[in-house]
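Here the protein sequences line up with chains A and B, keeping their order.
Under my numbering, the first residue of the first sequence is numbered 871, with each subsequent residue one higher.
Under my numbering, the first residue of the second sequence is numbered 2, with each subsequent residue one higher.
Treat each hint with caution, since some may be false.
So, partial list: chain A residues that the calculated Cβ filter (under 10 Å) puts toward chain B [to be verified]:
id, residue
1, L891
2, S948
3, P980
4, F986
Just so you know, these hints were derived from the structure itself, not from any lab.
From a predicted model like this one, the values you see are computed outputs, not experimental measurements.
Think of the CB as a built atom: it goes at the ideal place given N, C-alpha and C, for glycine as much as any other residue.
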Amino acid sequence: MSNPIEAEKEVCLLDDDLSVLKSMHYLLASEGFKVRAFSKAADFLVHASTHDVPVVVTDIWMDQVTGLEVLARLCAISPKTRVIVITAREDLAARATAMAIGPVAFFMKPFDDEKFIAAVRDALNQSAK
Amino acid sequence: MENHTAAEQSYNQSKEQLSLLQTITIEVAAADHFSSALEVVLRRVCEKTGWVIGQAWVPNRDGTALDCGPVWFCGNGELRNFRVASEASHFRLGIGLPGRVWESKQPAWIEDVRDDPNFPRTATARNIGLKTAVGLPILSGDKVIAVIEFFMRESRSKSEQLVKVIAAIAAQLNLVMERKRAEEELSRTNEILQSILSNMGDAVIVADKDGKLLVFNPVAERFFGPRATQTTPSEWSRQYGLYLPDQVTLFPPDQLPLTRSIRGEEVNNVEIFVRREKAARGLWVRVNGRPLRGPKGERLGGVIVCRDITQFKEEEFFRAGQSRVLEMIAADAPLADVLTSLVLLMEGQAEGLRCSILLLNRDGKHVRHGAAPNLPEAYVKAVNGAAIGPRNGSCGTAMYTRRPVVVTDVMTDPLWSDYRELAKICGLRACWSTPILSPQGEVLGSFAMYRQETRGPLPEEARLTEIATHIAGIAIERHQQQEILREREARISLAAESAELAFWILYPEQNAAWMSEKGRLIYGFDSNLPLTCDLILSRVHPDERAAVKAAYDRSCALYGTFESEHRLLLPYGKTRWVIMRGRCLKDEEGNLLETVGVTLDVSAQKQADLQLQVQREEMAHRNRVSLMGEMTASFAHELNQPLTAIANNASAARRFLEHGNIDPALLQQLLQDMVADSQRAGDVIRGIRSLVRKETSVHALLDLNAVITETVRLVSTDVLSRESVVTTELDPQLPQVEVTLVQIQQVLLNLIINALDAMEGLPPAERRIIVSTRSDKGDVVEVSVRDFGTGLPKDRPDKVFDHFFSTKQKGMGMGLTIVRSIVEAHGGTIVAENAPERGARMIVRLPAVRGQTQTIAAA
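With the rest of the complex left out, here is chain B (with noise of 0.2 Å):
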């Protein structure tokens, strides 16, 4: 009976033991923590076991020692004196019963703790009366993370089914707390992915294939406005204010990037332009989508991350209207189209600004308006003019001292007392102005910003201006520059349209020229005509095109220079004659560029110097016909000597035929002898003539010695008929010179027939002319005629040299003008000066012809 009771007995307690593990599975899985799981473990092992303690101890943080959880269950009464007890206490390893169990990992029964040596709660036990008790391990892995243990009053011998039993609920309670704390871990997860949707810059927004917004973080809210759960896909771009970069066309719905991710499209970087219905200002994101797929693959929805990149859009239109500003000043726009751009953009920077520009006059001391064209008129108008000074606003302060000036308050501000009303009319607070300055540090204008409120300017306003003032002064340099090449160019445009200066450009490469309007008159073209280089050649002569071209080419190569005098053939016969001047810019590698020059027209001169010319060889003439007349005697007795050899030859000839006793030896000799003199007679007509022809210069190789000579017994007729003699000194080592022998012939007579003419009131043994020749030098040659008469002018012998200047009744006093303008023509010069005794003497230099031998004789 008994062993069936205690079979009973056994059974009975296995079975309750069963309900009890069922329960506490049941009660742990519902658990929704640890600490309560473990609560329920030690609260029905103790009610269903006969335990009246049960805790539970824990590794501290740094894992050297147990401690008491918090989770307990115990009796009535003064069973709590032991909890006191075990919270006071920390097991290390092996120490006491939960670290013997912490070691070992295994549980541990004591039969009665009393008499256990390891044990240190033994007094408290005993006072209490404590005897059994159980400690057992919870293990994660093969970690312990948590030991339990019971006390009972009685003494029990170990129960390896209860300790079974226990075993298998703390294995209940283990997977209890992995499965909790995966559970933990996903919910931390989630927090943490919420918080990186709250807290990250970008937005995100997730759809389901409805196009229904599961997510929307707050970015998202903060970029396109509150979420809106009613709408469908195909009104977002309306209700977020979705546009395309041109900021105005609404964005397509279908080609919206969520749209698409949501169709399984990857989306990249699209860029789109934000702006809703109550804000100031857009906003600027960048977008990228992809589609969300099931373990499938299915279409589930799609995914967007936008990025807000306006400042980058900013920063991005402000170079580019930088560069546009720059562009404008290269492509010489005018000034205050560029400065108005500038402003403009400066103002878009930032919200509430206005910004001005004003320029300083040449004279230093004075402002004009540049740029404001959102300042109202008045003001405008007022500053326009204005002087600059140390008190005068700010940016006639700033350009007065070469410094910004900051003024927060225009109203209390000592620097705008003059300018208070106009400000507080215009609404102007606060004005900031920094001077423009050239790199040469003059002071060019000054760029100013304006606030409706009082402060100073903010790091972003002062970067502003920097950049303002430095595009500034590069557009006002550059457009001073260019003024003062314009004045320059119209100067000299004025100057060689007064001078009939022809400016021209040849592009030889791209056949090509440009022509100022002068030019085109000069050569004939109409002013619409494009012009080529073979075009202006067409121009030139025809008799000179092939010389001034290959005289182009070849002084361009050469020297990089040109200049050329010819003749143009105009349209219609017409004549021109002009000098042309030009220089070659080549690049660095000497390839021609350019010619730039210009042409000016000499004709007006070149007909004057021709009219000249022929003015002069028509006074040389006339010289020569009057000199004639000086020679009358000299000439007929020259014709006559001839003439009358042949009449007497002649006579005698035709008397000894009459007489019949002609020697016919002796008539050859008469009959030759008047071919002689035929010829003689015919030689001094030649003479004449060629002295009274108008012939123009014809140089040769001539001994001047023999000239002289033969010039002199020429005129020695009309000497002798004047009772004067004329000798001659001739240096026989005389050079050659190269002459034209009528015209030197010419100032030889016109020399003597002066000296005879100048010597006609002395007695005739007086009347002497010496003529000599020298050359000292060898390089000159050297004539001088030399007389004995009156002498010149004692102030000022060369007036002899004067048009019209006479001292004889019938002479005309061109005598002495044609001798020098001929000595001149030939390179030589004319000296007149008073002989050391009395008397004058002319002297003539001819350059001197070295090397030559061959003598041309006189005629």
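Just chain A, same shape as in the assembly (with noise of 0.2 Å):
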């Protein structure tokens, strides 16, 4: 935990799958960043509208809502919320809506662990400036 605000902020998880979201918890825990995991999207939005949420990881594809649902709707609740998506399914119309909506990253599913950490590292460092 060599960065303060690495070690201060947290990392919001959201994905329905509970063991691909179990892994990126441990993932980020394995490099010091605090995390908050969420498998349904109402949670997190709950929590989002209650706190500050400098970074969120999101997955697309799930049972209740995709991805782009809750990315429109933390656009409106928390709009400096730094968001990466991650997909297992490659869907290019899906890129391009969360694209415009305004992700940080995009990784599709399963991805290279460095890239995704400095991924979530840029974005914390990013929402603190």
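Starting from the two chains in their separate frames, assemble the complex, guided by the hints.
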């Protein structure tokens, strides 16, 4: 936990797939990130409304709702939150939509851990500025 | 002197009387008749002993009185008056002189009839001057058969001597009479015998031991011709035309019954056929022979009695002939042969008789030739094909009116006006025809008798006609039935051959079998190979042989019918699929006699079925592969999720290790999670593979709700990517179904993806799919997939199941066709309909399995 920002600020995770959610949690934790994980979009949106969420890593394809909808809502609730999208499916239309809303990074599952962590770190640092 | 004279006189008298007795005895013995003997006695007694009248009295027929006999003697002139008076008299027992002798059976002497109170003829006697009378009985045994009386003019005292002499003479007369009567008796017996021999119906022939024919009665002459006096026994057979029963071989002379009886044999019931040179017809005799022997047993000759058995034999031959014809009918001889035999048999029964049989065509209007072996060919040809009618000769009319038609003279009968010339040329004069009727009364034809003389049928000929029409009726009807049967068989056979049907009959008891040509082709048997049940069974594929045999035995025993679909293995390894159907025929005791049936070669059909199934599976597979394409998002998502988790966990572990602050428990957790996600990834791969694999159906009991949940989850990513929602409304009480998981998933996926496709043009908020289950009746499970899309063709919602029907640009149009074939293969149905508000609803109904609680979770 060399970087104090990283230690103070929470990274939110949203994925309805529990094992994916859990593994990302471990991955970020292994780099000293403080992580808050959500498996339900509604829970996350409530959290985002009441807390400062600098960075969220979200899946696009979830059972109840798409990540794009979450993004749209988040834009309204917490415009400053940096968004990193992870998806299990190549979908150019979804990617374009997501980029229009404004995520800082877009990853295809499974992804390169170094780049992912770098992206999370960048997002945290930028949110701190 | 006087004494001497008296003595001498007496002596002379006696001597005279003795000589008289002698003379009369000789004369009487020489007389060939009683009356002539009596006449001698009456005359001689009168002449020699001084009587002037002698006459006899005999009892009348009823024995009540004596009448004057026809023989008498008297002297001259007026004495005849007494005879006249006598002839007018009848004496009862004890009345007059004859009556007295008749009663006393003793001689009576009257010295002077004028003084006798019991002498009714006394007036006549007085007129003539008769005085002395004597009467004597002639006895046969103790019966008086006659009384003789003598009269003289002198009155003389009774002379015992004279009475004795006359009595002795009378006794002679009695002896003569006895003898004569015996002779007469004998001659009468001879006459009777002669009469019998002349009048008896049997021939009697007697021969002496040298073969000389002593007796040859008139019947013998009738049978054998005139008695040949000069022939020896060895020539008899030729002389009299004697043959063995074969009617051609001359009877061996040394075996002739008469020859044998002369040899001393008893001969019983030997039948001889006699045909004399000039006789038109032969005759049959049955002969019995006996040897003739003298008092000491020496052979004198032989006697035979021959009885005419011609009629009996002819009837026997006739009956045998009828039997032969009936046998021909039973043996299915050609109808023409049967009818010809029948006609010949009838013709043989009467002299000069010609017969014919005509058949009525099936059109009921024309006749055709049946049999007429002895009618002129021109006549037969002319009649063949003629029409029947009310005036169409004897036969045409008989068939038309269904009644016998007797034409005694075809030259004058109006019925024959059309055929008169023909008949004349052919020399036919009388024709009597009788219709031949079936037992049901249908006219089959006619039987006709022809004669060259004009007359009607004799009773015997009428009887023949009756027999002939009866037999002909049987023959024709049987022939017709067999023709119908043959035609039907031919039709069936033809139909069978063209339908690839093989006919067979099995005789299990004899291990014998018959099979039609087509059958032999199907089973691979040569045309001339003798068949057995075992041989046929040996053609059944070895894998199925025992089962087929067992099924056959069981079916035959239980139901009397048999049906089996199995393979045949022919020589050189060729395999055929056949369906065998049979029916058992049993006797009254239920023993299996034979099984008749058919075998249908269904190889081609089977091949096509298999081909079709392969094609269907291929299509289903392609459909599943194409479904994979539709579901790439879902599959990518499904697979990438666990892979992501694994990668993350591995990465985390590495990082923890690099930072050196790893908690062993955490590391354990990470590794554990990686294993779990690897397995999950494997499951996903397996799931995909199972959908893509060309697997055959494996039914299992499944909870359809679970299958739906899993399938909806599987496709969820694609549903999301198409901005659609799938919701489920599942009946918690749903019974289980027995299905092949992959196929049911395929059905659901097809229906869901179709629904998604149908809603592509809608705003995302309206893109909803409802998958629901229910089981109202309990024996059917219903799954419906409802969308809110554009709906189905209004006129024919079920058109969507047709091949190549598609509303989609990229669609093959096979999806729903495959869906339906899968559902139907599961014993279910699928219905396409438009939902009440909008959109389509596909309803799948599958048979429920009751009483099963165990659930096999969807993989």
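How the hints compare with the structure:
Taking 10 Å as the C-beta contact cut-off toward chain B, the hint placing L891 of chain A at the interface holds, the least distance being around 9 Å. Contact between S948 of chain A and chain B, as hinted, is not supported at the beta carbon level, the nearest pair being about 24 Å apart and thus beyond 10 Å. Proximity of P980 of chain A to chain B holds as hinted, the smallest CB-CB distance being about 4 Å (cut-off 10 Å). Taking 10 Å as the C-beta contact cut-off toward chain B, the hint placing F986 of chain A at the interface holds, the least distance being around 8 Å.
Going down the numbered hints, you'll see the structure goes against just number 2.
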